[in-house]
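Participant: This is what each chain is made of:
Number of protein chains: 2
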Amino acid sequence: MNLKQLSELLGLSQTTISRAINGYPEVSEETRQRVLKAAKETGYRPNRAAQRLATGKAGSIGLVMPIEPNDSSDLHFAEFQRGLAEEALRHDFHLVIMPASPRDEEQAIRGLVASGSVDGYYLAYMREKDTRIAMAKSLPVPFIVHGRSYGTDNDFPYLDVDNEGAFRDAARLLLQLGHRRFGLLNGPEEFDFAIRRRIGTVAALKDKGIDLDPGSMRHTAMTDEAGYRGMAELLEKPDRPTAVLCASTVLALGAVRAINRAGLKLGEDISLIAHDDVLPLLKPEHFTVPLTTTRSSLRAAGIRIAHRLIAAIKRTQPQPPAHELWTTDLVIRASTGPAPT
Amino acid sequence: MNLKQLSELLGLSQTTISRAINGYPEVSEETRQRVLKAAKETGYRPNRAAQRLATGKAGSIGLVMPIEPNDSSDLHFAEFQRGLAEEALRHDFHLVIMPASPRDEEQAIRGLVASGSVDGYYLAYMREKDTRIAMAKSLPVPFIVHGRSYGTDNDFPYLDVDNEGAFRDAARLLLQLGHRRFGLLNGPEEFDFAIRRRIGTVAALKDKGIDLDPGSMRHTAMTDEAGYRGMAELLEKPDRPTAVLCASTVLALGAVRAINRAGLKLGEDISLIAHDDVLPLLKPEHFTVPLTTTRSSLRAAGIRIAHRLIAAIKRTQPQPPAHELWTTDLVIRASTGPAPT
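Chains A and B supply the protein sequences, listed in that same order.
As numbered in this note's numbering, the first sequence has no gaps in its residue numbers, which increase by one up to the final residue, 626.
As numbered in this note's numbering, the second sequence has no gaps in its residue numbers, which increase by one up to the final residue, 626.
Quick caveat, the hints were computed from the structure, so don't treat them as lab data.
Any given hint might turn out to be false.
As the list claims (entries may be wrong) - Here are the simulated DSS-like cross-link-like pairs (lysine-lysine), alpha carbons at most 27 angstroms apart as the crow flies: (1) K342/A to K342/B; (2) K550/A to K289/A; (3) K522/B to K491/B; (4) K550/A to K568/B; (5) K325/B to K599/B; (6) K568/A to K550/B.
Work out the full structure, taking the sequences as your base and the hints as a guide.
Facilitator: This is how it looks when you write it as structure tokens:
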């Protein structure tokens, strides 16, 4: 059974049948049910290319993959992409990935949209006052932002994690445990998430009259090596911190190695809380001393972004930009303990 | 300076200029050099969409991303994709990724090619007698296989690692160290790489009159959890192995945890060699007891596959299928030692 035959059988145009099967809103619910029933009974399997012609959509989500010359693959990117792909598969969408060096991201997005090969896209790795948002608003296809942009009005559709709240709560827990000397191993300082995590940490300490010394902060790439170096430097300070907040379990992997090399005991001599993106290989409960974490699944975020974007692509009427802010779980494990006396 | 202006300046058609800049073979080397020089002097930056029109190519590589319902993101896939994207960026190509459940991979490739959105693609996660190869030969765009397909003639373009040789050499080293009881933590048994690694291991042992007991082999997903369970099971056997070969540093991560939990010393009570795909987060030298490995970079393979595929896309004359077989490095670290007496 092909589309033409199904069309003749039902007395409906091929376009109507394709739109019905793909859930586009121009088709009444009654017709849709009739088409789906007939497709099931006759064993009809839609042909992708014919569908695309009928709906006028490429069936694809675009994204930019940032490539720095000496970077390695990014577990955070991979886990988010996995969620995106899972949801895309459920809707028979594919992904169009434009690799670009970070300074060419705007041009990469413009190229994706101009090529007509994507129906919508998302922006990620958001920076302070990010100029891509104004550009995205000017382009003719739907978009959604993963994160926000510090210093920019929030008048765009986004999904973000409450990074400020997560690190404020984590710092408060450490304060309650009696810690007074803090360290912060953060992501690159131009990124919105890193700015908000710093703000949350600084605010919690300020409430107790403690200033976070800039020398106790590191803004680095989110790698194992950077975590090792950052923690090793903090431990060499004359009044080394007894409590460290860490922006990723990847950074924590290196940080814990530095703690072990220094002969210190995690959870006793030094407490550590890491942000857990729920990366499959870095389960905080699998560390020798299980890590206390602020937790929010990057894969779930990927699924949700794809879901919202595909809904926006299929919608005929624009909607006001939807804002979602996910709170994190603070999960207590053995890496946090009372401040050493 | 836009394409039209450059065309008028040089007295060449816009098509010729685009082809010259993109390295297509229809343009003489002399003309190409003239165009590149003028582009540089005038600061001309090519417009993607215009280029695509002129060359008739989408400028994209297609691939299928296998999605199992309960899988997590795959570090091996991510690292390979990273290499692919790096090389794609150098040639101004993008990636079109079709998520598909493993049983629908053939249909996904057919869909990608039929959509006209990819100029070439590659096949991965190859199985024994893989039917995708015959399909790929029948489709009208270039392809390359990452891996091979056991039981199928090698009359297709491929890049593979010498998996059989790698595990034969690893097993021989352990035999020379006096080990006689072996275990093998392998990938899923339907995959070509797992078949060849098993063959290499079995052959090396057979040479010394040792049979590898099927109960000492595990064929599992390449995850941390599967490595833990597999090793825990091997250690519970009455005559547990003193030497274990492991198909990935990801499996080794779990396997080493099981060794530690059992109170055994890696490199003394039990020796372990893992295959190292050079995953950035799982450096074998960062394990508490650094791992002996067979090493071959997945990222380098991604770069090479993209390079060959883009060359095939730009070529006007088909060439005989090129075969590349990469040997691995056997890197000795502390996880291998003499068999315990």
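Participant: Against each hint, give a clear statement of whether it holds in the structure.
Facilitator: To see whether the hints hold, each was checked on the structure:
1. K342/A to K342/B: Since the Cα atoms of K342/A and K342/B sit roughly 20 angstroms apart, the hinted pair holds (cutoff 27 angstroms).
2. K550/A to K289/A: violated (71 angstroms)
3. K522/B to K491/B: Holds, at roughly 22 angstroms.
4. K550/A to K568/B: OK: K550/A and K568/B at ~23 angstroms, within 27 angstroms.
5. K325/B to K599/B: holds (23 angstroms)
6. K568/A to K550/B: Satisfied, since the Cα-Cα distance of roughly 23 angstroms is no more than 27 angstroms.
The structure shown violates just one earlier hint, number 2.
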